[in-house]
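Undergrad: These are the residues of each chain, in order.
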Amino acid sequence: MGFRHKDIIALKDLNKEEIQLLLDTADSLSEINRRDIKKVPTLRGKTVINLFYEASTRTRTSFEIAAKRLSADAVNITASTSSVTKGETLSDTANNLLAMKPDIIVMRHSISGAHEYLAKRVSCSVINAGDGAHEHPSQGLLDMLTMRQKFGKLEGLKVAIVGDITHSRVARSDIYGLTTMGAHVFLAGPPTMMPIGIERLGNVTVCKDMREAVDQADVVMMLRIQLERQGKTLLPSMREYARYFGLNPAVLALAKKDAIVMHPGPINRGVELSSFVADCDQSHILKQVENGVAVRMAMLYHVCGGEPVE
Amino acid sequence: MNLLIKGGRVIDPSQGIDETMDILIADGVILELGKGLGSPEGFQVIDASGLLVTPGLIDMHVHLRDPGLEYKEDIATGSRAAAAGGFTSVACMPNTSPVIDNKAVASYVVNKAMSEALVNVFPVGAITKGSKGESLAEMGDLKEAGCVAVSDDGKPVCSTELMRRALEYAKGVGITVISHSEDLALVGEGVMNEGFVSTELGLKGIPWAAEDIAVAREVYLAEFAGAPVHIAHISTVGSARIIRNAKARGVKVTCETAPHYFTLTDEAVRGYNTNAKMNPPLRSDADVAAMKAGLADGTIDAIATDHAPHHLDEKDVEFNLALNGIVGLETSLPLSLKLVEEGVLDLKGLVSVMSCNPAKILGIDRGTLRAGAVADVTIIDPAKEWDVDAAKLESKSKNSPFIGWKVKGKAVYTVVKGQVVYQA
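Chains B and R, in that order, give the protein sequences. Residue numbers for the first sequence follow my numbering, beginning at 1 and rising by one. Residue numbers for the second sequence follow my numbering, beginning at 311 and rising by one.
Isolated chain R (complex conformation) (with noise of 0.2 Å):
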């Protein structure tokens, strides 16, 4: 398909690029970015006046439970989910089963990815053989299947010294190391944010210590092995603050935080929702401040959701039984539009950290509208009104804490490759 988008208002990072602009995509491809442009025969026009049109967002964390948990999700349903929350590619996690640990699994979510998915699928493989945390996965055979980076997501590499040698390694093969930074043995039974709302709840906590401990071991780690590390999720006045005087001296750390960390507080767990239950946990108003400020800054390098499909019966249950995480990628827009218009970030700045750093990071050639470009472009009706109902979502499970919520903002347009897959 061959597009015009007219009179956008194009946000591209990449390129200082913010003013009304027209772009023609032919073959899957961005032609040229300009003012008044002619719209070729055989062109579909997409009017965006009024409307946002930045490079196709990325979300860097997500579930998609494809292969082994497709009850929760699959890799058809999650990209559904996916387009109709403006991202054209997302990075899925490999904490399947079986895990992602060898070229055969990335190779099956890679092709299932091609002929089933609307949007770019990049597998994220393990960095130890099962997420087992006792030895090194084949970073070069996953990286050479089509792995954009490594994590034992779900759980940290418990031992140091195999985080130590996953860094060197992962360094050589050319492949980013994502953290997962939790200290288990802190963590204990914790269900939840330690704080006044545990207590009050009679349940067990989990100290913010436990995250800002493991965050300071892989900056430290990072720093000694002279390798790159991104931390995923952070949700900490603490965490922030480690890669932020980390960064000051020049190690290479980077890292992500979550719509839920800068949105919600442990309040939201009262009542026992476990629709608020989540690894890390939702904290308190002094970590949400340090979120925002820590997007503000730039410190926080990256929003990604942590997409977490659950099956109702798997949250359907009392607190302490309820499996962690939310779905996430259909409220990730217009909870992070917020940001604007609370004066955190400017839009090039959500440009950035919803496309251009992702892309980046992962080391992908997206994030940007430059000619020559593959074309992956998202269309924004900022002001759009909507509510969060739980039977419009994509996703084939519904576990979300913002159900019922009116928010503002929507991708109205999603495409991936110049093929529009999603339109509002």
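Same shape as in the complex, but just chain B (with noise of 0.2 Å):
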């Protein structure tokens, strides 16, 4: 089967076949990045952009490695360097990016929905990076291809996600996707940052404790904090939340014996996870990161039309 999405918004808008699809894309394109020449001219000619109006290291340097792997031309614009600051729209910013011909726009952006907004706007694929607290589809699909490599499959995989959930893109996308893969997912996380009807997106429980959300568990995903906004009114203190939302080998052991660790980064050690977890063999936190560019291979390749991979 064909891809017939123009854009990858978001992975509520994707079928089971579709995120099988760009997986499997993804496994097969992995073995170029294990290449001594890391390069396949699948993409020659086409132009992506890469237009981050939020600070971002590696998701932006994974989108730009996977355009170039792919040899894709290439364009990086941050928002403090751009018009933005000069008081341009998204709308026109988008017209005079798409006046010089782009085939794909990744973007990301911190008001949920600007992608949907741009890709009723646009000619050209647009690629989600990550829209403020809705999506970041690509951070969902490389989640999936870990566990999948880890596991051989993702149905029936019990995946338990901690920490912030109402402020997490990160979470929605992998609730869409890995529920619409047959997996079921646990939730955990104090009740200042669980959305009212989170478990109505899918095959989805919430815990009041984040052990019962760990027990037995396949993958424990834990979510990033962040340090600089949720210290005002939604938690009493960081070595609070540490001590009762933060993995440790205590809680990990509750989990499968299997069991893998999971990050979207960058981590807070001491906070989220601890040290000895974050780089235990159970951790999986630098083959996410690996895992990141084969996915985004696949997106980028599978909304060009997906021409043969030589």
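It should be emphasised that the hints constitute simulated quantities derived from the structure, not laboratory data. All the pointers check out, no bait thrown in.
Have a look at the derived ranges for each label pair, beta carbon to beta carbon:
| no. | chain 1 | residue 1 | chain 2 | residue 2 | range |
| --- | --- | --- | --- | --- | --- |
| 1 | B | 212 | R | 499 | 27 to 33 Å |
| 2 | B | 253 | R | 623 | 53 to 59 Å |
| 3 | R | 499 | B | 249 | 35 to 41 Å |
| 4 | R | 682 | B | 197 | 53 to 59 Å |
| 5 | R | 606 | B | 232 | 38 to 44 Å |
| 6 | B | 212 | R | 408 | 56 to 62 Å |
| 7 | R | 534 | B | 87 | 45 to 51 Å |
| 8 | R | 338 | B | 92 | 49 to 55 Å |
Coverage of chain R stretches by chain B, computed from C-beta distances (three or more under 8 Å per stretch; other residues unrestricted):
| no. | stretch |
| --- | --- |
| 9 | 510-518 |
| 10 | 625-636 |
Ideal Cβ positions, reconstructed from N, Cα and C, are used throughout, including at glycine.
Need the complex rebuilt from these two chains, each delivered in its own frame; the hints are there to steer you.
TA: Written out as structure tokens, the structure reads:
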């Protein structure tokens, strides 16, 4: 089957076959990343603009490397150096970029829905590299790829997601992707960070206690706490957060023996994860980063029509 | 112009009338109501058979954006939209630029309306200077200049102490205080109703408690000060319950809701639809039901539109950046008539909340077809079906979630002071 979407805005929009296709493609493309010469001509002549309205190193670099390994020309624009600081609207920025005939705009934006807005107004493909607290589909896909590589399947997996669910676009994409693929998601976090009706997004169980979520889990996904934003009213202190919602060896021991630990990064050592857990054999955090490149190659490839890989 | 409106179904709750009658109008005043009235020479005759004839509709909460923001709307265009919607009177909010917080600005509105408006325009003055919530505006002067109420609409008076003094002072002046009830700390950076849809869209939510808490404060202050208060645009189960209870124990509180709050839920925001972004936000099914129940049992006194025109550029942006508000003058009547179809209100009830009650709350001599009253009359074809088409709206702005809807019911004649100012 082919990929029928012009854009990739949200995993909510993708069905099981489409997610499967993206993961399978990523699996096959990941071999390129291990070659001595890490480049194929698949997207030669295509132009990818990375339009980043929010600071990001890993996602932007990952998309840039992904584009380059497929021989596309990648251009990076960051908001602090763009016309945004001169008051240009997103619509005007998009039109100006469009006049330069890019094939794909990869965008990160702090406002939920900004990609939907953009995609309706431009003829080129739009890939969401994170919008507000809405979705982060490439992260969701790389998380799923990492799990699938470890367990061979996603169906029936028990995945615990712990932390600030309310503000997490990663959590939403993981929930949509995983539940579409037949996994069961267990959420835990302070009640101040658990949004209304989250359990209605799919096969999701909200747990009162982190230990309940981690118990017999195949995957423990710890979310980043934004120290700068959440100190004021959502939490009494980082110390208390680490004590009740941080992953330490004792809590991890509740999970299945071969469970893996994941985190979208960047990690706050000693807050979401103890250093021991972050660096233990079960930690797949760097594997996630590695898979990020392959997944993004697959996304770029499929929105461009999916020509054969050489 | 002298008029004979013949054979319409006259509905006037102020006189307990619901029957087929004629109305004779001369020199801007209603001369006589009766059956089989002859048409004196020189009178224009409107055949109203099959139509409803009501006291002119009154929208007690609109934004005409004049002075200062005329690129969105001005007194002339806003009044044309009002006339096309069947409204003979509107009360316009003071969050203009400059704010209507003194006699000079109020007089500007009154004078401009006199020369340019098709309908009666009653300005609402600010409660506090600049609507900054710091010190009381000159309410005596505002009233003298023609203001019919005071409100810092768009934002609450945050200081409870200042609100107390505003209610006490306004009571002395004899002017209605209209409260925009919202606890801003709870609203935070919220941009839509807090609920399942905000969770799914990843947008920051505004909890219903932000409204309920503020409404409760106004009710207690009004009770304490022994002064009336009118709560603008209520949207929640809790607000309706608090006001219902307060009324039962004799507190002088009145309130309004808007057609969108009994027609739409936060589901309308899906797709990040900025034309569904307003304040208070569109809520849940339970809240919509509560608005209907509140209208049915008289808890909610008035339907007002909160007509809030914004330029396309202010809505055609990312959701968080879009301004709050929708235009409502031209869609209010069909959306409200639907309440009659659904059995929420009878026609008398509808005319009460869209004409008689707003007149009473604002203390204006309108909302009646009594002989001797100013001849403000709306003639409605309740069966007329039409499409809400942006190109045909009289308002300068087109920010409505109802664009493209098929609706039923339309004002076919709007008569202000005996003059036909709009004819469909």
